[in-house]
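Those protein sequences? They're chains Y and C, same order as listed. Numbering-wise (our numbering), the first sequence opens with residue 58 and increments by one. Numbering-wise (our numbering), the second sequence opens with residue 164 and increments by one.
Accuracy of the hints is not assured; some may be wrong.
Unchecked claim - What the simulated footprint calls covered on chain Y by chain C, stretch by stretch (three residues with Cβ under 8 Å from a Cβ of chain C suffice, anywhere in the stretch; the number is not a length):
{"hint": "1", "segment": "92-103"}
{"hint": "2", "segment": "262-271"}
What the hints assert, rightly or not - Per label pair, the in silico range of CB-to-CB distance:
{"hint": "3", "chain 1": "C", "residue 1": "Val452", "chain 2": "Y", "residue 2": "Leu247", "range": "20 to 30 Å"}
{"hint": "4", "chain 1": "Y", "residue 1": "Leu102", "chain 2": "C", "residue 2": "Gly378", "range": "46 to 56 Å"}
{"hint": "5", "chain 1": "Y", "residue 1": "Pro161", "chain 2": "C", "residue 2": "Gln455", "range": "47 to 57 Å"}
{"hint": "6", "chain 1": "Y", "residue 1": "Asp294", "chain 2": "C", "residue 2": "Leu277", "range": "42 to 52 Å"}
{"hint": "7", "chain 1": "C", "residue 1": "Val372", "chain 2": "Y", "residue 2": "Leu295", "range": "27 to 37 Å"}
{"hint": "8", "chain 1": "C", "residue 1": "Val452", "chain 2": "Y", "residue 2": "Arg227", "range": "54 to 64 Å"}
Just so you know, the hints here were simulated from the structure itself, not pulled from any lab data. Ideal placement from N, C-alpha and C gives every residue a C-beta, glycine not left out.
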Amino acid sequence: MSESQSDGAGLTERLDRLRVEPGNLGVSILDLVAVGVFFLFFLMLVAVGVLSLNYGMYLLGLAGMYGFMIVGLNIQWGYAGLINFSVIAFWGIGAYAAALLTSPGSPHDLLLSPVIALVVAIVAAAIVAVLIGIPTLRLRADYLAIASLGFAEVIRLLFLNEREWTAGSRGISGAPELFEWLPVEPAVRLLSTTASVGTARNTVVILGLLFIGYVLVRRIHRSPWGRVIRTIRADEDLAKALGKNTYMMKMQAFVIGCVLMAVAGWFYMYAFEYLDPGELEPLQTFYVWVALILGGTGSDRGSIVGAVTIVAILEGTRFLNEIDLVVALFEAIPGIALNVSAVRLLLVGLLIILVIRFRPQGILPPKEELIWPGAAPDDSRSQERQATREQRGVDE
Amino acid sequence: MSTLQLVVNGIVYSSVIVLGSIGLSLVYSIGNFANFAHGDTMAIGAFGALVVAIGVNDYLLGPEAVVSVSPTIAAALETTVFSLPIWFFVALLVGMAAAAILVVVTEFLVYRPLDTGSIELLITSIGVALAYRALLILGFGSDPQTYGVGRSGRIDWVSESLGVAITPRDVVTVAITAILVVGLHLLLQYTTLGRKMRATADNADLARVSGIRTGEIILAMWVIGAVLAAAGGVFLGLDTLIRPRMGFEMLLLIFSAVILGGIGSVYGAMLGGFTIGMAFEMTAALPFVGTQYNAAVAFIVMIVILLVRPTGILGDDTT
Numbered sequence: 058m059s060e061s062q063s064d065g066a067g068l069t070e071r072l073d074r075l076r077v078e079p080g081n082l083g084v085s086i087l088d089l090v091a092v093g094v095f096f097l098f099f100l101m102l103v104a105v106g107v108l109s110l111n112y113g114m115y116l117l118g119l120a121g122m123y124g125f126m127i128v129g130l131n132i133q134w135g136y137a138g139l140i141n142f143s144v145i146a147f148w149g150i151g152a153y154a155a156a157l158l159t160s161p162g163s164p165h166d167l168l169l170s171p172v173i174a175l176v177v178a179i180v181a182a183a184i185v186a187v188l189i190g191i192p193t194l195r196l197r198a199d200y201l202a203i204a205s206l207g208f209a210e211v212i213r214l215l216f217l218n219e220r221e222w223t224a225g226s227r228g229i230s231g232a233p234e235l236f237e238w239l240p241v242e243p244a245v246r247l248l249s250t251t252a253s254v255g256t257a258r259n260t261v262v263i264l265g266l267l268f269i270g271y272v273l274v275r276r277i278h279r280s281p282w283g284r285v286i287r288t289i290r291a292d293e294d295l296a297k298a299l300g301k302n303t304y305m306m307k308m309q310a311f312v313i314g315c316v317l318m319a320v321a322g323w324f325y326m327y328a329f330e331y332l333d334p335g336e337l338e339p340l341q342t343f344y345v346w347v348a349l350i351l352g353g354t355g356s357d358r359g360s361i362v363g364a365v366t367i368v369a370i371l372e373g374t375r376f377l378n379e380i381d382l383v384v385a386l387f388e389a390i391p392g393i394a395l396n397v398s399a400v401r402l403l404l405v406g407l408l409i410i411l412v413i414r415f416r417p418q419g420i421l422p423p424k425e426e427l428i429w430p431g432a433a434p435d436d437s438r439s440q441e442r443q444a445t446r447e448q449r450g451v452d453e
Numbered sequence: 164m165s166t167l168q169l170v171v172n173g174i175v176y177s178s179v180i181v182l183g184s185i186g187l188s189l190v191y192s193i194g195n196f197a198n199f200a201h202g203d204t205m206a207i208g209a210f211g212a213l214v215v216a217i218g219v220n221d222y223l224l225g226p227e228a229v230v231s232v233s234p235t236i237a238a239a240l241e242t243t244v245f246s247l248p249i250w251f252f253v254a255l256l257v258g259m260a261a262a263a264i265l266v267v268v269t270e271f272l273v274y275r276p277l278d279t280g281s282i283e284l285l286i287t288s289i290g291v292a293l294a295y296r297a298l299l300i301l302g303f304g305s306d307p308q309t310y311g312v313g314r315s316g317r318i319d320w321v322s323e324s325l326g327v328a329i330t331p332r333d334v335v336t337v338a339i340t341a342i343l344v345v346g347l348h349l350l351l352q353y354t355t356l357g358r359k360m361r362a363t364a365d366n367a368d369l370a371r372v373s374g375i376r377t378g379e380i381i382l383a384m385w386v387i388g389a390v391l392a393a394a395g396g397v398f399l400g401l402d403t404l405i406r407p408r409m410g411f412e413m414l415l416l417i418f419s420a421v422i423l424g425g426i427g428s429v430y431g432a433m434l435g436g437f438t439i440g441m442a443f444e445m446t447a448a449l450p451f452v453g454t455q456y457n458a459a460v461a462f463i464v465m466i467v468i469l470l471v472r473p474t475g476i477l478g479d480d481t482t
């Protein structure tokens with residue numbers, strides 16, 4: 058009560074504290090320049106005619122969606138060292154929340170607002186994450202890996218088989234317009250007369266949300282919480298010895314990551330307007346993993362780079378069978394048929410193997426982000442590995 | 164379906180899971196990581212055997228055979244043992260060999276050059292799993308296939324006396340599994356290689372100091388694990404269909420089995436595999452739960468074990 062009655066001076070003081078300096082956003086001038094250059098490049102591609110504006114905006118929206126999942130996974134694996142193989146399940150929880158609550162094709166015919174669906178998606182993902190975390194987060198890291206992979210399969214089976222609730226393999230189609238009040242139409246009309254306003258609005262929404270999410274994540278990454286969670290990853294016993302409740306901290310990291318994945322799923326329903334359990338294939342989870350380790354484990358910037366990279370890989374491989382060289386190559390090998398999805402699978406598998414073999418820290422290493430300032434003058438990774446070995450030695 | 168019938172089905176399915184989970188447990192205890200490619204190793208075995216089946220059915224015996232063989236050889240190939248043709252057992256051996264060769268190649272190309280912790284190895288094994296599956300789809304397509312072994316009926320005297328349908332191939336599956344499991348037990352307990360493997364699993368550094376070439380032990384671990392997994396894959400393919408995704412679907416079950424039995428304990432893996440296989444088939448007897456959820460039941464069992472006894476049934480023992 059006393060706070061609401063505080064005088065004017067107190068208020069300005071508090072506003073001062075709330076004011077965020079550019080540096081505090083965790084977004085440097087260089088980052089902004091990089092993003093600016095990327096968008097200029099994107100507009101150039103559109104202007105030259107390599108990309109149509111609609112397809113380009115669709116790709117940006119897709120990258121934004123992957124960005125959410127990768128930033129979420131980065132909190133779990135990059136910050137806290139939690140191996141989550143059920144990315145797609147949490148994505149599915151978000152997507153089905155949007156589809157069931159707001160879609161005209163939903164078997165429940167609720168037609169609620171997308172904002173309510175977003176809230177439900179976040180709450181549901183958080184509750185489920187806690188339920189998965191309780192049995193696994195106290196144990197060694199690989200238990201979560203195994204349990205989460207199983208959980209993803211169970212979620213897929215549930216959405217596939219509970220037809221009365223989820224429409225099963227028939228799928229749910231149609232979705233309301235997202236945030237119709239956003240004034241994107243004039244801006245889009247400046248660029249093109251034929252561009253789809255709906256796609257543009259969706260892209261603006263997801264990129265805007267991603268920006269907010271990114272800034273928040275940078276905030277928590279640099280906060281005392283972020284420092285402790287990185288200590289847990291490097292040496293959990295040390296964090297425990299310092300009196301930190303590492304189980305609770307890991308749980309928080311897990312829940313935050315899962316919520317971000319659910320937001321990505323929620324967005325998917327509005328961008329693609331169709332959802333069926335086929336989208337919940339475990340392979341999708343590994344796309345996100347590849348994107349994260351390509352971008353750089355533990356690096357927030359890397360997550361964004363990874364999002365662009367994975368969309369480039371996924372969309373690029375769609376046109377494999379139009380490249381003469383590739384077709385000729387596959388015809389040269391007897392007994393092998395060119396199958397785009399299999400080639401993509403192979404590519405993702407090889408990328409995982411090669412990145413861990415040659416650049417375990419990813420394309421954009423997190424620099425000092427993971428290192429306690431001044432505490433690790435030499436190669437901190439080898440220390441971490443040493444710690445892993447000793448850990449394993451003790452375990453047996 | 165009668166409960167006794169479900170038990171019989173459970174024993175047959177357990178065989179497949181036991182064969183898969185032993186290798187996974189070996190890699191866990193000796194190689195020190197959770198090998199997510201193990202399910203796909205089972206699929207490799209199944210497809211290795213499929214090559215022989217296609218070869219025999221399409222090129223040697225079928226109506227449009229490319230190579231003409233003398234009737235004696237054809238008859239010899241078609242000779243049945245427990246109503247399975249002789250060539251099927253050859254196919255089983257070929258599947259085992261194919262999986263063993265592939266994992267050894269993988270060990271040299273992928274795992275051995277890595278100087279990383281167990282978590283990085285785990286993630287690498289995911290890459291290996293995806294690559295295996297991609298190669299299977301590229302080579303064989305993604306449609307389900309069969310070995311082209313004619314269905315044989317149930318064994319009459321069993322179904323008359325007990326009212327349970329047991330096919331000869333069920334008997335073969337369980338018998339060969341039993342032989343392999345007993346063989347592994349003898350190998351681990353009574354041979355020098357087995358003692359070396361147990362020593363390496365117990366403490367790799369100490370084993371190395373005592374003069375055990377742990378690199379060779381790791382190769383032995385891969386070969387044994389792959390041979391057993393391939394046999395499991397072939398039996399699964401014989402029982403159901405051969406699909407590139409079959410390995411991934413088994414992965415969850417064999418992981419549940421290994422966690423249930425206690426990570427790193429081979430005998431625990433056998434026990435866990437048996438329990439999970441039974442649970443999988445017994446789902447049909449549960450009220451309100453359809454058989455489409457039998458994979459979910461394995462998952463629930465795993466979660467309960469993690470909550471109640473994370474070390475598993477035999478977790479404190481070593482190999």
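| task | Kindly indicate which numbered hints from before are broken by the structure, ordering the numbers from low to high. | result | Violated hints (numbers, rising): 1, 2, 3, 5, 6, 8; every other hint is consistent with the structure.
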